[in-house]
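Peer 1: Starting from the known structure of chain P, fit chain F onto it as the hints suggest.
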Amino acid sequence: MKRLFILFTVMVLALAACDSGESPSGVASTNGVSIPSNAIQIDIVYAPESDLYMPQTIEEFNRAYANGTNPVTGAELASGERPIYVTGVTGSSGTVMQGIVNAFIAPNNSNVVRPVIFQPSVSHWLALANFQSGRQVFDLSDARATALAPVVMAIWESRLNGIRETVAERDGIPLDQVEIGWEELLEVLNSPNGWQDFGIPNGRRTVYYGHTDPFISSTALSTLIAEFYAASRANGFTGREIGLDQVNDEAVQDGVRDIEQLIRHYSSRTTEFKEYIAQGPDYLDFVALEENDLIFINLGRTEVQPPEPLVALYPKEGTFVHEHPMGIVNADWVTDEQREAARVFTDYVLTVPVQERIMAEGFRPANPAVTLGFPFVAQNGVALDNSFLTLDVPTPDVIASIQQSWSFVKKQADIWLLIDVSGSMGEGSKLSQAREAALAFLDNMEPSNRVGLAVFSEDVRIVVDLDTYETNQQQLRLQIGSLQPEGGTELYGAVQEIVGTVTASEDSDRIRAVVLLSDGEDTGNEGVTLNNATQAISASRDALNPVIVIPVAYGSNADINALNAIARSSNTRVQSGDPNNISAVLDVISSYF
Amino acid sequence: MKRGTIVLIIFAIIAAGVVGVSLFLQNQPPLEITVAVDPLAEDWIRESADAFNASDTLINGTRRVQVNVISTSDLDVWQNTRTNFWTAENHPELWIPASSASVTYAARANIPFNVVTESTARTPLLWGGYANRVDLLTADGEAFDWSQVVMAAETESWQALGGGNGFVNLAFLLPDRTMGGLGVLLSASAAYNDTVNLSGGVISRDFYDWLTPVIDSVQNFNTIGNDIAQFMARNRASVDIAIGPEVQWLNGLDGITRNGEVRFSYPEYAFVFDFPVAQWEDPATTSEELSAGQAFANYLLDDARQTRAIAHGLRPAVGAPPVTASLFSTAEAYGVLIDPPLDTNVIQPPSATDIQSLIQWFTTTQ
Chain P
29 MKRLFILFTV MVLALAACDS GESPSGVAST NGVSIPSNAI QIDIVYAPES
79 DLYMPQTIEE FNRAYANGTN PVTGAELASG ERPIYVTGVT GSSGTVMQGI
129 VNAFIAPNNS NVVRPVIFQP SVSHWLALAN FQSGRQVFDL SDARATALAP
179 VVMAIWESRL NGIRETVAER DGIPLDQVEI GWEELLEVLN SPNGWQDFGI
229 PNGRRTVYYG HTDPFISSTA LSTLIAEFYA ASRANGFTGR EIGLDQVNDE
279 AVQDGVRDIE QLIRHYSSRT TEFKEYIAQG PDYLDFVALE ENDLIFINLG
329 RTEVQPPEPL VALYPKEGTF VHEHPMGIVN ADWVTDEQRE AARVFTDYVL
379 TVPVQERIMA EGFRPANPAV TLGFPFVAQN GVALDNSFLT LDVPTPDVIA
429 SIQQSWSFVK KQADIWLLID VSGSMGEGSK LSQAREAALA FLDNMEPSNR
479 VGLAVFSEDV RIVVDLDTYE TNQQQLRLQI GSLQPEGGTE LYGAVQEIVG
529 TVTASEDSDR IRAVVLLSDG EDTGNEGVTL NNATQAISAS RDALNPVIVI
579 PVAYGSNADI NALNAIARSS NTRVQSGDPN NISAVLDVIS SYF
Chain F
6 MKRGTIVLII FAIIAAGVVG VSLFLQNQPP LEITVAVDPL AEDWIRESAD
56 AFNASDTLIN GTRRVQVNVI STSDLDVWQN TRTNFWTAEN HPELWIPASS
106 ASVTYAARAN IPFNVVTEST ARTPLLWGGY ANRVDLLTAD GEAFDWSQVV
156 MAAETESWQA LGGGNGFVNL AFLLPDRTMG GLGVLLSASA AYNDTVNLSG
206 GVISRDFYDW LTPVIDSVQN FNTIGNDIAQ FMARNRASVD IAIGPEVQWL
256 NGLDGITRNG EVRFSYPEYA FVFDFPVAQW EDPATTSEEL SAGQAFANYL
306 LDDARQTRAI AHGLRPAVGA PPVTASLFST AEAYGVLIDP PLDTNVIQPP
356 SATDIQSLIQ WFTTTQ
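Chain order of the listed sequences is P and F. Numbering of the first sequence is given in the working numbering, commencing with residue 29 and proceeding in unit increments. Numbering of the second sequence is given in the working numbering, commencing with residue 6 and proceeding in unit increments.
It is worth saying that the hints were derived from the structure and are not from the lab. Any given hint could turn out to be false.
Stated by the list, open to error - Reference listing, derived: stretches of chain P covered by chain F, where coverage requires no fewer than 3 residues with Cβ under 8 Å from a Cβ of chain F:
#	segment
1	74-84
2	293-307
3	356-364
What the hints assert, rightly or not - For the chain F half of the interface with chain P, some residues (derived, Cβ under 7 Å), not all of them:
#	residue
4	GLN224
5	GLN235
6	ARG241
7	ALA242
8	GLY260
Don't be surprised by glycine CBs; every beta carbon is placed ideally from N, CA and C.
Bound-form chain F, shown alone:
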């Protein structure tokens, strides 16, 4: 046998072995888990999932995990009109809603999610408005908050408030579709009732009457979309003042400031989106799935991921972003605070029954 032939045979054997092992490993499917995340944290979670997948994290020392991300508004999960959105046969393994309250409301609807991490990041509701309008509301030293905004909405025209032409145009996200919008109604309720505790039947006819002018001051909820800052940036003429999640304001700041000088202000009572991690747990849930879910939840809390959350405009789960965080520091000039008081005066959402009443009222009012 010639030397070349021998080399050829040896190579063929080695190649076959390499291909075999490779095929064997490729055929061991990773454990796939799906994470449903509210759009407010979607960018950060998608980036984190990519990084997690690339890290080849092993469960039980043997099994790779592949995290897939889908975007799901909190309200799609638990709102009564959307029952059976997730079923025992078709559901994500993990859910990162915008608010912990959503897990409570989902449990009420018999959707079996258990919180495994209380919060992975935070972002509060924040007022934003063009300086030429906001300054009219705060000229006498009043705070840029609900009472002045409601007063402006009742007045209807800027001329009557001592400003230029045009109706008072307000904006916020759709409350019957997004947690960002529903949080606005809760923020309003807290301001009207002067309390952070909304669990005691504070959704009343008087409150509805008080808030109606604000709803009427929104030109068209349907065209606002899912990002309040983007909407304000591209519709200078359709919105003077808006309230929405801080993360959207921070990411959309450039676009808005191109339209004019802007002012931000935190409502007295804070509504904070806290992005907990909840795990689907029913008899069919495997221990591997639980381990994989917990591994990803833990991964989101490590320093590198928390730093990336800040880069996306979210606040870390604990503490404040560093003063060097560019999105936050840039916005400081307009009223964003590096460390606002988000641990006191935090709104406690109402019962599932009250929240449904609130949504129903909005749906029939708008």
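Bound-form chain P, shown alone:
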């Protein structure tokens, strides 16, 4: 009888196993989660800062479906309900936007992107994509916000308090009623003694500010638009929304140039600036960041720990809130079911648990059901409400026009290319790599920047005088192409001399930089030490435009310690001249200007 019972049980189980219910079966796997064979697959390109939460969010979403559960409702998949599988990658908003536009208007371009979902930092990019492609690639009213991040000026607490106290005393108003914006920051710049006039003993005469590239970075684009607003208001504009009249107004453009004069240097990526400013007030006074980046720094997550807290300045003239919209692409590569699946994924990102995770990374939740909590606390330097003034988003043609204006309102640069042509650079293919890199660097040079060429071996020789690139580009290319290696390496002497040449020139309204391409092996006998070279660089630190030196190292036996010391003296970083990543390196170097 017992045997019969076992037999019966086995058969019942076998019958149960014959049930033809549609449980997902895996055919492939990513991040340990199987892709159900009947899955609707979608891909998302998301903003770099979303990388703090998106991979985990995607993995949990996929895992739920792989386990037969709808991740939004938590219910088992209904009959006929297909699972969804999401893959994601990050991409700078501006680059991805251009890639999507190219998919329509220049499909053979090297930058073509065809995602189902594009989540930039801010919806400006979706509007620009529609504008530049001439079609409704994105339905903006259906691009739901998923994480909110106001653009702020991350400024040292001591600096902000200094301004506030000075303005309060001068204007005779209570401290808590002082409103600070671009107007006050420019006052510091234009004050005879700079920060010393604003309560910072031994403070610099000038103000150092930084932001990223508005063609790539959302923060930079929003900041540039905000600068146009501020300059328009300073020129008497009282309307709500700026238009082409303001953008094309020379007085307004001059106002933006005045603000850009505060720039110490630019950078392509926010990631770099987080590390730069964490070095302290000596390096930068304030930088345009998304609020979550400021929280990131104050939580001690940068490599360098900031010496004092940074606080968020929400400019009194107004700012933008980056809403990280989920833009579902209207294109023939997106099917209706993928579109619907994209909406389901958006629903999931807006669920309370995911929103709480997003908030933990320093973003304000887009789902109002989530109460603002840690890390939104006073000690992280952020406003605990959302009552800061926001600006009207201009129309796409105005945004595009502001973006295009960048080349003539940005701070121009004087750049010396200082190339090591010593005999050691002839070993392997170091010099030819340096030549190629220098020529590639010039490919993207703004015509109004001034560029000069100097070379060194046993002594320094100015080969092409500093002049606008528009004027001397032929000569530069010709000379770079004919460089030959010979003699010893008077590296330190060369750096000292060229930096001396730069500092002796007028401390004009330009970024002043030396791009040094060398293997870093000093063999000089002129008695100039590394210390002499770094002191020459440091000597300009209090100038209106301190000299920055960006070393690019060639060869595996490059003297990295020496080049690092040179880089540190102007708070830059040594870049590798490895030809395999020269394109990325050039992007980094170019973005300084």
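Peer 2: Below, chain F without anything else, positioned relative to chain P:
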């Protein structure tokens, strides 16, 4: 033959029978009908469809019905720029638009829907605003309604109205994409023309001029999305006063009140979303489909479903929600009424031609 073998054979026969019957029943597909619903009632309709499907309701005593729900904005269906949105080959069997007017406009566009249930639930347009702003508008006893809002929009700055800094920021849903937004324009027209009857060519140049400052006071329509209350809750700095469907205000109340004290007010002339059920009827429509559609429409009106509608923040098709309905009773403190006058002063939408003119004007103005 051993006893065990006999048992085994009998079991196999029984099992085969069970599996056969089961497979036969499984292979009888239920009659599937698709219901398109405006996002304003989507949550309630999806929940109702799940409950209906689980109830194993039979049509003609033999056929199960499976209701599938899709979300569709009213304007996607009938707006001229979106012709052929639904075709004879590809269409839902049922449509629950936000407004009965949409069925009329769809008929004008030769989309063959017939109303089978006049209303399944209701929700009116409602003003909402932060107390520190609204109180500036009502300080002299004026109503929190269109005339004061337009005055504020014309003034542009709160400082000029005796308040703090900042521009007057208004918000409402996109009128060329959502019925919730289009209703706002109709509400404005009723207020401007001082009439509920908008069928008589009341869309005029003067009205446009009057309303333009309001449009200009919206920071960015494109980022408002589909839920006015959620937008207001997460954008304290971008909106001071908004107008939108009551159902959204009720569901988003917690988020908004976290930003500050809020006031609600019903416009003098009510625009009421009434969620009728309309059925696609053409020569290919079967009697089974008609029966299934009617069964689901009837199901939405039963007491249990109407109670659930109230729980979702919608008003029942007839009468008022009970005073104990938590979403409504909580919002009473801020100006929501349990039983506002929704049967009088109800706006009668204009002709299809006028509505297209209105949409076109908005599209070129914003």
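Peer 1: So, for every hint listed, does it hold in this structure?
Peer 2: Checked hints:
With 0 residues carrying a beta carbon less than 8 Å from a beta carbon of chain F, the segment 74-84 of chain P misses the three-residue requirement, and the given coverage is violated. Here's how the segment 293-307 of chain P fares: 0 of its residues keep a CB closer than 8 Å to some CB of chain F, so the rule of at least three is not met and the hint is violated. A stretch counts as covered by a chain when three or more of its residues have a beta carbon under 8 Å from one of that chain; for the segment 356-364 of chain P and chain F the count is 0, and the coverage is violated. Hint on GLN224/F holds. Least Cβ distance to chain P is approximately 5 Å, under the 7 Å limit.
With its C-beta approaching chain P no nearer than about 6 Å, GLN235/F sits inside the 7 Å limit, and its interface hint holds. Hint status for ARG241/F: holds, given a least beta-carbon distance of 4 Å to chain P, under 7 Å. Satisfaction of the interface hint for ALA242/F is found here, the shortest Cβ-Cβ separation to chain P being roughly 5 Å, below the 7 Å cut-off. Proximity of GLY260/F to chain P holds as hinted, the smallest CB-CB distance being about 3 Å (cut-off 7 Å).
Checked against the numbered hints given earlier, this structure breaks hints 1, 2, 3; the rest are met.
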